[in-house]
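Asker: The listed protein sequences correspond, in order, to chains F and W.
Everything in the first sequence is counted per my numbering, starting at 1 for the first residue and increasing by one.
Everything in the second sequence is counted per my numbering, starting at 1 for the first residue and increasing by one.
The reader is advised that the hints may include incorrect statements.
Heads up, simulated SDA-like pairs for lysine to any residue below, C-alpha to C-alpha not over 25 Å straight-line [what the hints assert, rightly or not]:
1. Lys31/W / Gly76/F
2. Lys93/F / Lys127/W
3. Lys127/W / Met109/F
4. Lys127/W / Arg46/W
From chain W, some residues computed to sit far from chain F (all C-beta separations above 12 Å) [what the hints assert, rightly or not]:
5. Arg50
6. Gly53
7. Ala170
Quick list of simulated restraints, FRET-style, between CB atoms [stated by the list, open to error]:
8. Ala123/W / Ala55/F: 45 to 51 Å
9. Ala141/W / Gly22/F: 33 to 39 Å
10. Gly8/F / Lys31/W: 29 to 35 Å
11. Ala33/W / Glu13/F: 32 to 38 Å
What the hints contain is simulated information worked out from the structure, not anything from laboratory work.
Note that beta-carbon positions come from the ideal geometry of N, C-alpha and C, so glycine has one too.
Protein chains: 2
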Amino acid sequence: MGLEDAGGRTALEIAVEAIAGGVTMIQLRDKQAPLRQVLEQGARLRDLCRGHGVAFIVNDRVDVAVLLDADGVHVGQDDIPGAEARRLLGSGKLVGISAGTMEEAEWAMANRADYLGVGPVYATATKQDAGEAIGTDLIGAITDRWKIPVVGIGGIGADNAAPVIKAGAAGVAVVSAITRQANPMQAARQLADVVRQALK
Amino acid sequence: MGLEDAGGRTALEIAVEAIAGGVTMIQLRDKQAPLRQVLEQGARLRDLCRGHGVAFIVNDRVDVAVLLDADGVHVGQDDIPGAEARRLLGSGKLVGISAGTMEEAEWAMANRADYLGVGPVYATATKQDAGEAIGTDLIGAITDRWKIPVVGIGGIGADNAAPVIKAGAAGVAVVSAITRQANPMQAARQLADVVRQALK
Chain F
1 MGLEDAGGRT
11 ALEIAVEAIA
21 GGVTMIQLRD
31 KQAPLRQVLE
41 QGARLRDLCR
51 GHGVAFIVND
61 RVDVAVLLDA
71 DGVHVGQDDI
81 PGAEARRLLG
91 SGKLVGISAG
101 TMEEAEWAMA
111 NRADYLGVGP
121 VYATATKQDA
131 GEAIGTDLIG
141 AITDRWKIPV
151 VGIGGIGADN
161 AAPVIKAGAA
171 GVAVVSAITR
181 QANPMQAARQ
191 LADVVRQALK
Chain W
1 MGLEDAGGRT
11 ALEIAVEAIA
21 GGVTMIQLRD
31 KQAPLRQVLE
41 QGARLRDLCR
51 GHGVAFIVND
61 RVDVAVLLDA
71 DGVHVGQDDI
81 PGAEARRLLG
91 SGKLVGISAG
101 TMEEAEWAMA
111 NRADYLGVGP
121 VYATATKQDA
131 GEAIGTDLIG
141 AITDRWKIPV
151 VGIGGIGADN
161 AAPVIKAGAA
171 GVAVVSAITR
181 QANPMQAARQ
191 LADVVRQALK
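In isolation and in its complexed conformation, chain F is listed as follows:
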């Protein structure tokens, strides 16, 4: 799950609900706020995640991930390369890498990704530079080729998560499907149920 705009509620409040609903990983992603504030709020989010055995990942900024002692970092193709991120993070940390094509997946694998974020599976309004929806085929092709956990991302919700998992994904990453819902806990629970069912 990613948290970036929490409307009336704070990101922390939504995270509390999302964890109660069953999310297993939370990614800190905030490109607008001053980093001083991101570090303060990130520390609270990290403590929350730790208390619940939920993985806490920082997007893009490896320096922030190190300072927050996050469980890992997620980097895009334009961010710090995964191998370099791992060098800064030290051993025992997760490095997730985004891939939208097989070539990008190859690069991510060469950078020793621990998991791949693949998408945008469906059309999304959350990430404006996400590009065209690519569907679920690439997830199938990647998981056929490598033994690596793939997380589908982009426009995913309870109504369309099942095909992503059936294509080979180990999970789904969402923003609006939880953060923009009237009841984030219920939304997270519903989504987690769909994923668990599809994984069977």
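With the hints as your guide, set chain W onto chain F.
Answerer: Below, chain W alone, put in the same frame as chain F:
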């Protein structure tokens, strides 16, 4: 000196000229390019600086500064706090902090800055969010209060650098006054001459 847009020439080419002209510090600042590319070009810039005894500083991204083994990092008030930056960089590295008010200078001093970047002294078109020009008074007030090197920044060139130094600055930081000139080496030399004269 900062390098961010080099027009027809590459940043490295301009840096070669600027160093020949007498700049003593180069700051890597590129918020647009993919970080993979920033790291590649940054490594070349670092090697160039090292070969000439010129300090090589990375703006904002502490992770990039660590990966490039830069001489230090420069952070703004909205970036990673100086004390945290130092924690990541390790000892023996420089941490420069921007300040546009006495309150910001106090915060920077509390964060154990090695030097302060103070401005915008004059109106500048290079940094769009730089705010209103503040003149040279703050530089005087800061250098009266603390024994810390202050670098004036914002709209500074050979024609108006002297008052910045006379106000108490140890140096000036420029972008367009070197990078946007037909002859960057000559521009750097002229600026360095003005600064040296004013320091006497």
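Asker: Now look at each hint and say whether the structure bears it out.
Answerer: We went through each hint and held it up to the structure:
For a cut-off of 25 Å, the pair hint linking lysine 31/W to glycine 76/F stands: about 15 Å separates their Cα positions. Between lysine 93/F and lysine 127/W the CA atoms are separated by roughly 36 Å; this puts the pair beyond 25 Å, and the hint is violated. Using a Cα cut-off of 25 Å, the hinted pair lysine 127/W and methionine 109/F is violated, with the two alpha carbons roughly 38 Å apart. Of the pairs offered as hints, the one joining lysine 127/W and arginine 46/W holds, with about 23 Å between alpha carbons and a cut-off of 25 Å not exceeded.
For arginine 50/W, the condition that its CB be more than 12 Å from all CB atoms of chain F holds, with the nearest at approximately 20 Å. For glycine 53/W, the condition that its CB be more than 12 Å from all CB atoms of chain F holds, with the nearest at approximately 27 Å. Alanine 170/W, annotated as away from the interface, keeps every beta carbon of chain F farther than 12 Å; the closest lies near 27 Å. Between alanine 123/W and alanine 55/F the beta carbons are some 48 Å apart, a value that agrees with the proposed interval 45 to 51 Å.
Checked against the hint of 33 to 39 Å, the C-beta distance between alanine 141/W and glycine 22/F comes to roughly 56 Å, which is inconsistent with it. At about 31 Å, the beta-carbon gap between glycine 8/F and lysine 31/W stays in the expected band of 29 to 35 Å. Separation of alanine 33/W from glutamate 13/F is about 36 Å and conforms to the stated range, judged on CB atoms against 32 to 38 Å.
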